[in-house]
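So the protein sequences, as listed, match chains A and B. Residue 1 is where the first sequence starts when you use this note's numbering, and the numbers rise one by one after that. Residue 1 is where the second sequence starts when you use this note's numbering, and the numbers rise one by one after that.
Mixed in with the good hints, there may be bad ones.
[Said to hold, decoys possible] One-sided excerpt, in silico: chain A residues whose CB lies under 8 Å from chain B: (1) Leu104; (2) Gln113; (3) Phe165; (4) Thr169; (5) Val218; (6) Tyr285; (7) Thr288; (8) Ala291; (9) Gly306.
[Claimed, not checked] A few chain B residues that face chain A, going by a derived Cβ cut-off under 8 Å, partial list only: (10) Glu140; (11) Pro143; (12) Ala252; (13) Gly258; (14) Asp267; (15) Val271; (16) Ala272.
[As the list claims (entries may be wrong)] Okay, the calculated beta carbon distance ranges per label pair: (17) Arg89/A - Lys234/B: 38 to 44 Å; (18) Pro128/A - Ser340/B: 27 to 33 Å; (19) Val246/A - Gln119/B: 32 to 38 Å; (20) Pro324/B - Ala150/A: 47 to 53 Å; (21) Pro139/A - Val322/B: 31 to 37 Å; (22) Thr310/B - Ile3/A: 29 to 35 Å; (23) Gln59/A - Gly172/B: 51 to 57 Å; (24) Ser340/B - Pro276/A: 35 to 41 Å; (25) Gly137/B - Ile289/A: 51 to 57 Å; (26) Gln96/B - Thr2/A: 37 to 43 Å; (27) Pro276/A - Gly172/B: 51 to 57 Å; (28) Ala325/B - Pro276/A: 49 to 55 Å.
These are calculated hints, taken from the structure and not from any lab test. From a predicted model like this one, the values you see are computed outputs, not experimental measurements. For glycine and all other residues, C-beta sits at the position ideal for the given N, C-alpha and C.
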Amino acid sequence: MTIDQLIGAGVLAATLRLATPILLAALGGVVSERAGVVNIALEGCMLVGAFFGVVAADQSHSVVVALVAAMAVGAGLAAIHAVAAIHLRSDQIVSGMALNILALGLTSYLDYQFYGTTGTPSDLAGVPDIEIAPLAAVPFVGDVIAHQNAIVWAGLALVVLIQVFLFRTVPGLRLRAVGEHPRAAETVGIAVRQTRYWAVIASGMLAALGGAYLSLSVAHSFTDGMTGGRGFIGLAAMIFGRWTPVGALVASLIFGYGTALSFSLQGASIGDVRVPVQLLSTLPYVLTILAVAGFVGRSRPPAADGIPYETEGHA
Amino acid sequence: MKRALAFLLLATTVVAACGGNVAASPTPSATASATATAKPIQVGLVTDVGGLNDKSFNQAANTGRLNAEKDFGLKTSVIESKKQEDYVPNLTTFAQQNYDLVIAVGFLMQNAAWKVAKQFPNVKFAIIDGAPANDAGNTENLPNVANLFFKEQEAGYLVGVIAATMAKNMVGKATHNTVCSMGGIPIPPVDHYIAGYQDAIKTISPTTTILNGYSNDFVDQQKGKEVGLNHISKGCDILFQVAGGSGLGYIAAAKEKGVYAIGVDVDQIDVAPGTVITSAMKRVDKAVYDTSNAVKSGSFKAGDNFFSATNDGIAFGKLDPVVPADAKAAADKALADIKSGAIKPKTDLTVK
Chain A
1 MTIDQLIGAG VLAATLRLAT PILLAALGGV VSERAGVVNI ALEGCMLVGA
51 FFGVVAADQS HSVVVALVAA MAVGAGLAAI HAVAAIHLRS DQIVSGMALN
101 ILALGLTSYL DYQFYGTTGT PSDLAGVPDI EIAPLAAVPF VGDVIAHQNA
151 IVWAGLALVV LIQVFLFRTV PGLRLRAVGE HPRAAETVGI AVRQTRYWAV
201 IASGMLAALG GAYLSLSVAH SFTDGMTGGR GFIGLAAMIF GRWTPVGALV
251 ASLIFGYGTA LSFSLQGASI GDVRVPVQLL STLPYVLTIL AVAGFVGRSR
301 PPAADGIPYE TEGHA
Chain B
1 MKRALAFLLL ATTVVAACGG NVAASPTPSA TASATATAKP IQVGLVTDVG
51 GLNDKSFNQA ANTGRLNAEK DFGLKTSVIE SKKQEDYVPN LTTFAQQNYD
101 LVIAVGFLMQ NAAWKVAKQF PNVKFAIIDG APANDAGNTE NLPNVANLFF
151 KEQEAGYLVG VIAATMAKNM VGKATHNTVC SMGGIPIPPV DHYIAGYQDA
201 IKTISPTTTI LNGYSNDFVD QQKGKEVGLN HISKGCDILF QVAGGSGLGY
251 IAAAKEKGVY AIGVDVDQID VAPGTVITSA MKRVDKAVYD TSNAVKSGSF
301 KAGDNFFSAT NDGIAFGKLD PVVPADAKAA ADKALADIKS GAIKPKTDLT
351 VK
C-alpha cells in the first residue's frame with residue numbers, strides 16, 4: 001500500500017468523477033425537499049436523463065441538444081411526481097417509487113426497440129472535457145483538475161449557485177419557508193403549490209443531468225439500469241449533508257473517494273496480506289457510516305418535508 | 001339431502017376418473033404426437049440483470065433463443081431480470097405455465113434455479129455457467145436440470161495469445177509490454193477466462209507485466225471505466241474485459257485513452273471499432289440453441305454439459321486490422337492445439 005494509492009492525483013481525479021452523478025442527484029434532493037416534497041424518483045429521473053440524452057445525441061449529433069433533451073425529460077418525469085405529490089396529495093414515497101419502476105421499464109423497453117441487439121451507436125457525440133492548459137503543467141493539481149469533464153465543473157458551479165440561491169436570495173428564502181411552514185408562507189402571500197412545483201421540476205432536471213453525465217461523459221453509450229442506484233445514494237448524501245448543497249458536495253466526495261479507493265487499492269497488500277476485493281468494495285459504505293457517525297450528528301429535515309399542503313378552506 | 005349431494009359428488013368423480021382412463025387408453029403414441037402438434041415445445045429464457053442488449057451473454061442467449069425458435073419451430077419467450085430478487089419469480093412464471101425448458105442465464109441464478117427446479121420436477125431447466133446450488137451454497141445435480149458449462153479458459157487463452165504476441169513485439173499502440181484484465185466479480189466463469197489469458201501471456205511472453213482488477217459489478221459502466229483508467233495509468237495498453245455491461249466502461253476507458261481492448265462472451269468488435277482488437281467468445285447462443293434442440297429431439301441430458309473448443313462452443317472473434325498475421329497464426333495454432341489436447345489452459349489465476 002503506497003501513499004499514491006491512497007491520495008495520489010489519480011485517486012483524487014477519480015473521486016471527482018465518481019462524486020459528480022451522486023452530487024447532481026443530491027442537489028436535486030436538496031432543492032425538492034427544502035420546498036417540502038420528498039422526491040425519491042431521482043433515480044428514475046437520472047435513468048431517463050441517461051437514456052434520452054443518448055437518443056437525442058444520436059439524432060441531433062449535438063451535445064447541447066442532448067443535454068437539453070435529457071433535462072427536459074427529467075423535468076417531465078419529475079412533473080408527474082409533482083402532480084401526484086402536490087395536486088393529488090398522494091403518498092410521495094409510493095409515487096416516487098412507481099416512477100422509478102416506470103423509468104427502469106420504459107428505458108429498458110425503448111432501448112431494445114431503438115437499438116435492438118446492436119446497442120447504442122459507437123460514435124455518439126459526447127460531453128467534452130475542459131482542458132485547463134495553464135494548470136496542466138502544474139504537478140499534482142494539474143493531474144487532478146486540468147482534464148475534468150464539463151459536467152464535473154457544472155456540478156461544482158451548481159453547488160455554489162444553489163447554496164447562494166437558497167440562503168442568500170429572497171426566492172430561496174421563500175422556497176425554504178414553503179418547506180418549513182407552508183401555512184405561514186401562504187399567509188404572507190407566497191404561492192406554496194407553485195413554488196413546490198418548480199422545486200420538484202428543478203430537482204428532476206438536476207438528476208437528469210447526473211444521468212446524462214453517466215451516459216454522455218463517462219460511458220458514451222446507454223445500458224439498462226446504468227445509474228445503479230446513484231439516485232438513492234444521492235438522497236443519502238443529501239441527508240448527510242444536512243439538506244445543504246455544500247454538505248451534499250462533501251458527502252458525495254466521501255462516497256466518490258471510497259469508491260475510487262476501492263479500485264486503486266486492488267492488488268495492494270498490508271504486510272504480506274492481500275486486501276480482498278470484496279472487502280474493498282464495502283469501502284464507500286464504511287466511509288459513509290464513519291462520516292455520519294463522526295461529523296454529522298443529528299440532522300433535521302425541513303419541518304414540512306413530505307407533507308402535502310392543503311390550502312386553508314380545503315381542510 | 002347432504003348424503004345425496006355427497007353421493008352425487010362421488011359419482012361424478014368416479015365417472016370423471018374413468019372417463020379420463022378410457023380416453024387415454026387407446027394408442028398412447030397417437031395421443032402423444034397429437035399433443036406435440038397441438039402444443040409446440042415452449043422454451044423460456046430468464047436473463048440476468050444487465051438487459052437484452054448488454055452486448056454480452058444475455059444478448060447471446062437471446063440470439064440462441066431466436067435462432068432455435070426459427071429453426072426448430074419452437075414457441076419461446078424471454079423475461080428480463082432487473083435485480084437478483086427477480087430470479088425466482090421469473091423462473092417460476094415459466095415453470096407454472098408448463099414450459100418444456102426454462103433457461104436461467106448466469107452463474108448467479110444457481111440457487112434460484114435449484115429452488116424452482118425442485119418445485120417443478122416435470123419441467124426441464126438449464127443453467128448457463130452453473131449447476132443447481134442448494135441454500136447452503138453447495139451444488140446438487142437434479143434430474144431435470146442441465147448444467148451448461150463453458151471452458152472459458154480456452155477462450156481466454158486464445159485472446160491471450162494475441163495480446164502476448166502484440167505486447168512482445170510492441171505492435172501499434174502496445175508499447176509498454178503491459179497487459180491487463182478486469183473481471184466483474186471474482187466467480188469461476190469470470191476467473192477462468194482471466195486464468196487462460198494469463199496462462200497464454202506467461203507462456204508466450206514471460207517478461208510481459210500482467211495486472212488484474214475487478215469492478216465488483218456487471219452493470220455499472222462508470223466503475224468499469226475507473227478500473228480501466230487506473231490500469232492505463234499503470235502502463236496497460238491491452239485491456240481484456242470480463243464484466244458484461246460494466247466491462248463496456250473498461251472498453252470506453254481504452255477508447256478514450258487510445259489503447260486496445262479485448263471483448264468478451266460475444267463478438268464485440270463493433271462496440272468500439274479500432275479499439276477492440278478481438279473478443280474471447282463463449283457461444284452462449286450455441287448452448288441455448290443446442291439445449292432447446294435436445295429437448296425437442298428427446299436427447300436432453302441433465303447434469304454437466306460442456307461447451308469447449310472441441311465442439312465449437314469456444315472461439316475468438318473477428319480481428320482488427322492492427323492484429324498482425326503472426327498473432328493470428330499463433331491463435332489459430334493454439335486453437336488447434338487446444339482441440340487436440342496438446343494445450344490445456346490453466347483455470348487458476350497466475351496474477352490475482
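Hints, one by one, checked against the model:
no.	hint	in the structure
1	Leu104	6 Å, holds
2	Gln113	10 Å, violated
3	Phe165	29 Å, violated
4	Thr169	34 Å, violated
5	Val218	5 Å, holds
6	Tyr285	12 Å, violated
7	Thr288	16 Å, violated
8	Ala291	21 Å, violated
9	Gly306	26 Å, violated
10	Glu140	25 Å, violated
11	Pro143	34 Å, violated
12	Ala252	6 Å, holds
13	Gly258	14 Å, violated
14	Asp267	12 Å, violated
15	Val271	6 Å, holds
16	Ala272	6 Å, holds
17	Arg89/A - Lys234/B: 38 to 44 Å	56 Å, violated
18	Pro128/A - Ser340/B: 27 to 33 Å	52 Å, violated
19	Val246/A - Gln119/B: 32 to 38 Å	54 Å, violated
20	Pro324/B - Ala150/A: 47 to 53 Å	39 Å, violated
21	Pro139/A - Val322/B: 31 to 37 Å	34 Å, holds
22	Thr310/B - Ile3/A: 29 to 35 Å	50 Å, violated
23	Gln59/A - Gly172/B: 51 to 57 Å	34 Å, violated
24	Ser340/B - Pro276/A: 35 to 41 Å	38 Å, holds
25	Gly137/B - Ile289/A: 51 to 57 Å	28 Å, violated
26	Gln96/B - Thr2/A: 37 to 43 Å	56 Å, violated
27	Pro276/A - Gly172/B: 51 to 57 Å	36 Å, violated
28	Ala325/B - Pro276/A: 49 to 55 Å	42 Å, violated
Hints 2, 3, 4, 6, 7, 8, 9, 10, 11, 13, 14, 17, 18, 19, 20, 22, 23, 25, 26, 27 and 28 from the list above are not met by this structure, while the remaining hints are.
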